[in-house]
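2 protein chains.
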Amino acid sequence: MAVQKPSIPKGTRDFSPMETMRRDYIFDTIRRTFRQNGFLPIETPAMENLSTLLGKYGDEGDKLLFKILNSGDYAANLSPEQMSQASNICEKGLRYDLTVPFARYVVQHQNDIAFPFKRYQIQPVWRADRPQKGRYREFYQCDVDIIGSRSLLNEIELVGIVEKVFDNLGINVTLKLNNRKILFGIAEMMGHADKIVDITVAIDKLEKIGLEAVKAELNARGIDDEAIAKLQPILELNGTTAEKLDTLASLLACSETGLKGIEEMQTVFEYIEAAEIHLSTELDLSLARGLNYYTGAIFEVKANDFAIGSICGGGRYDNLTGIFGMPDVSGVGISFGADRIYDVMSGLNLFPAELSSPTKVLLLNLGKDEAICSLRVANALRKQGIACEVYPDAAKMKKQMEYANRREIPYVAIIGSNELAEGRVTLKNMTSGEQLSIPQSELADNVK
Amino acid sequence: MAVQKPSIPKGTRDFSPMETMRRDYIFDTIRRTFRQNGFLPIETPAMENLSTLLGKYGDEGDKLLFKILNSGDYAANLSPEQMSQASNICEKGLRYDLTVPFARYVVQHQNDIAFPFKRYQIQPVWRADRPQKGRYREFYQCDVDIIGSRSLLNEIELVGIVEKVFDNLGINVTLKLNNRKILFGIAEMMGHADKIVDITVAIDKLEKIGLEAVKAELNARGIDDEAIAKLQPILELNGTTAEKLDTLASLLACSETGLKGIEEMQTVFEYIEAAEIHLSTELDLSLARGLNYYTGAIFEVKANDFAIGSICGGGRYDNLTGIFGMPDVSGVGISFGADRIYDVMSGLNLFPAELSSPTKVLLLNLGKDEAICSLRVANALRKQGIACEVYPDAAKMKKQMEYANRREIPYVAIIGSNELAEGRVTLKNMTSGEQLSIPQSELADNVK
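Quick note, the sequences are listed as chains A and B, same order.
86 is the number that our numbering gives to position 86 of the first sequence; each next residue is one higher, with no gaps.
428 is the number that our numbering gives to position 428 of the second sequence; each next residue is one higher, with no gaps.
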């Protein structure tokens with residue numbers, strides 16, 4: 001066969017040992033926190049029926065689905081026109097997110113689930129997006145949701161998870177909160193309930209472009225000066241979160257929905273304090289994430305010390321499973337962005353040093369009998385929880401030492417003919433260069 | 001939108017919380033052992049270029065690849081005939097195993113790798129096989145390989161990993177060993193070096209169909225009585241492994257390759273003993289796994305107490321990366337079959353009981369102030385490593401207790417108005433029904 005120069009599809013990635021260990025560290029930390037808070041894992045297949053996926057992500061999303069060609073003679077009895085329709089030659093697609101598969105799972109297995117259902121799911125998703133810096137065609141999502149309960153304690157539970165995950169990872173963050181009902185209330189108060197997105201986007205731009213430019217933009221979108229005048233006090237809100245919510249309550253007195261949203265936020269902030277959650281939180285009316293499907297709280301987490309988009313976000317939704325025939329299931333969830341969290345931790349040097357050298361000790365190979373002795377010593381070390389390896393070939397010492405250096409292994413243990421005869425080992429600290437001769441039985445204590 | 005009855009593609013699976021936790025337990029145990037032995041993880045994309053995958057698994061394998069339809073207007077400028085050729089409308093496919101992606105990875109990243117390269121990889125693979133009991137279209141492989149070294153210490157390293165993984169999982173196993181060079185030597189000695197597969201398959205059937213039937217079968221495959229007479233002493237080998245290998249050495253004295261294989265096996269068994277590996281091992285000349293690509297040792301692991309095919313297997317290969325232009329890279333590897341290991345552990349009831357109830361304590365919700373207190377108590381428990389949750393709604397006590405029962409949560413903690421006032425908690429043991437009132441600060445000690 002002809003020799004090929006190997007490559008991988010654009011937008012996908014190989015992960016080196018170091019990258020994989022760092023990613024596993026993030027996933028393990030997130031997973032441990034989820035479990036400590038009583039969340040249960042599920043996994044769903046990479047492939048879903050296209051009928052499950054299509055129509056759930058808008059027209060743009062449908063185009064971004066990776067479709068899988070039917071097996072066997074997919075073209076049998078199809079006209080050219082039929083063949084050029086993907087739905088005729090593909091029945092399956094790769095999952096685009098974890099939300100739709102979760103909804104499908106809940107409906108399909110509803111009789112086996114104890115509600116409220118606290119589930120997490122950490123799996124890759126695939127999108128045929130144009131690849132660019134920080135945007136990949138295969139990436140992991142880490143989703144955690146509670147469904148089947150409208151209690152705001154669930155929001156607090158998620159806030160607590162945000163606190164703990166980022167505490168455990170060592171990242172300083174701020175949690176920004178908003179509520180779709182408040183945004184609707186603002187739009188309603190302005191007489192433009194249908195322009196909730198335009199108005200929120202304009203609020204979002206306030207800091208960047210200033211008050212006058214925001215007004216001009218709203219004008220351009222058909223919102224008149226009178227309505228804008230009503231918005232002005234909201235753009236100028238200040239004080240503590242509690243004060244802002246009080247002012248909002250008087251401004252939105254005319255909107256039942258707005259008042260409900262304010263009350264929800266008041267309760268959430270009150271609970272956060274009462275539950276002694278020490279996370280920096282703030283009300284941010286410019287948060288416009290997921291306005292198509294969120295119905296209550298909206299969350300977004302930003303790293304305080306590293307400039308990057310949000311590293312975690314979510315909100316409450318009221319009809320996750322309706323599309324699959326199970327109405328009125330309310331839920332709230334958040335998703336951790338593993339790739340961005342990785343970038344923050346790399347940028348701030350937050351990964352534990354151990355991750356770069358999982359192997360603590362390399363036992364050199366100086367001949368057959370010596371190597372057999374090293375195998376036994378290695379097994380004893382592993383029983384004490386010390387990761388180690390024996391160099392497989394009786395290669396030149398220099399080559400073996402180079403391997404230890406390249407792998408950043410902190411200790412090299414040498415059993416030559418003398419050490420073999422005396423039951424000793426020469427231990428070299430690769431950082432300090434220090435070398436000492438000790439009984440083999442004391443090796444573990446010296447490298448712990 | 002019309003309501004759909006949800007389902008998943010045939011041959012794929014949803015994993016429930018219990019199944020996912022049990023699978024994670026298996027993966028975590030395997031992964032921990034790999035790391036303790038100095039193996040490094042890599043991950044590769046689910047999608048590979050079809051040019052990487054095609055032609056590596058035989059014609060049958062090519063048919064079993066899941067192919068991904070090109071994005072955008074895949075049919076543009078194609079004739080109907082062209083469209084009915086998958087290679088014209090698909091550039092990518094889902095990986096079929098972890099071996100070819102590993103070979104591709106090594107060639108592509110060879111300058112970043114410290115050889116010998118000890119890598120593991122735990123990821124799903126996809127095959128468009130006809131689904132049947134125990135055979136899925138999506139399943140995980142757990143591969144561990146050492147490449148770039150011909151030392152037999154690597155074989156021992158893998159034997160040590162087999163010992164430890166199954167020790168840690170609590171499964172009694174036997175490791176069967178064979179060597180392709182011995183099989184070649186047998187075929188060569190019989191004058192039929194080209195019929196190595198037929199001869200090995202016949203040896204494999206010996207126990208089932210008996211000596212006479214084996215002879216008849218070999219006759220039918222064009223092997224004459226004279227050659228079969230030479231095979232007979234091998235079929236009748238007995239004694240210890242060392243004795244068998246000695247007898248084989250005299251029988252295969254004419255085959256240089258055969259003698260090399262015997263010497264390799266002698267060394268491997270000698271090392272296993274010298275390294276104090278306490279794993280049941282046996283020489284099994286009927287092992288015919290991977291005769292197309294293995295060149296030395298062949299491994300297969302069977303559970304001793306549960307009837308199922310092999311749960312782990314592998315061998316040495318000499319030209320993993322040749323197809324991608326990097327010749328002469330020898331390696332040895334094994335793969336753990338997570339699905340079968342799962343079945344063995346389920347069948348023998350080997351999963352730790354904790355896996356069925358990750359949440360140790362459910363704190364009931366008896367009203368707003370009580371629930372806030374419960375949130376604080378829950379946080380204190382979690383800080384002590386105790387997984388717990390607060391029921392989100394102030395629902396009827398009966399409903400909350402039912403949830404605890406369904407989730408098999410062993411303890412329920414009740415903070416009502418009295419407990420709130422007194423700083424106490426009523427703790428109910430859900431197994432014994434026992435109930436006691438204790439200070440909130442003593443809760444952790446009582447549920448540990």
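These aren't lab readings, by the way, just hints derived from the structure by calculation.
Treat the hints loosely; a few may be bogus.
Identical copies look the same in the list; a pair holds intra-copy or inter-copy alike.
[To be verified] The list that follows gives simulated cross-link-like pairs (lysine-lysine, PhoX-like), each with its CA atoms no further than 25 Å apart:
| # | residue 1 | residue 2 |
| --- | --- | --- |
| 1 | Lys368 | Lys260 |
| 2 | Lys133 | Lys230 |
| 3 | Lys63 | Lys133 |
| 4 | Lys63 | Lys215 |
| 5 | Lys5 | Lys63 |
| 6 | Lys368 | Lys230 |
| 7 | Lys205 | Lys368 |
| 8 | Lys383 | Lys428 |
| 9 | Lys383 | Lys56 |
| 10 | Lys215 | Lys260 |
A quick look at each hint next to the structure:
no. : hint            : verdict
1   : Lys368 x Lys260 : between (77 Å within a copy, 18 Å between copies)
2   : Lys133 x Lys230 : neither (41 Å within a copy, 66 Å between copies)
3   : Lys63 x Lys133  : within (21 Å within a copy, 35 Å between copies)
4   : Lys63 x Lys215  : neither (36 Å within a copy, 61 Å between copies)
5   : Lys5 x Lys63    : between (30 Å within a copy, 23 Å between copies)
6   : Lys368 x Lys230 : neither (86 Å within a copy, 36 Å between copies)
7   : Lys205 x Lys368 : neither (71 Å within a copy, 38 Å between copies)
8   : Lys383 x Lys428 : within (21 Å within a copy, 39 Å between copies)
9   : Lys383 x Lys56  : neither (51 Å within a copy, 40 Å between copies)
10  : Lys215 x Lys260 : neither (27 Å within a copy, 86 Å between copies)
Violation of the numbered hints given earlier is confined to hints 2, 4, 6, 7, 9 and 10; the remaining hints are satisfied by the structure.
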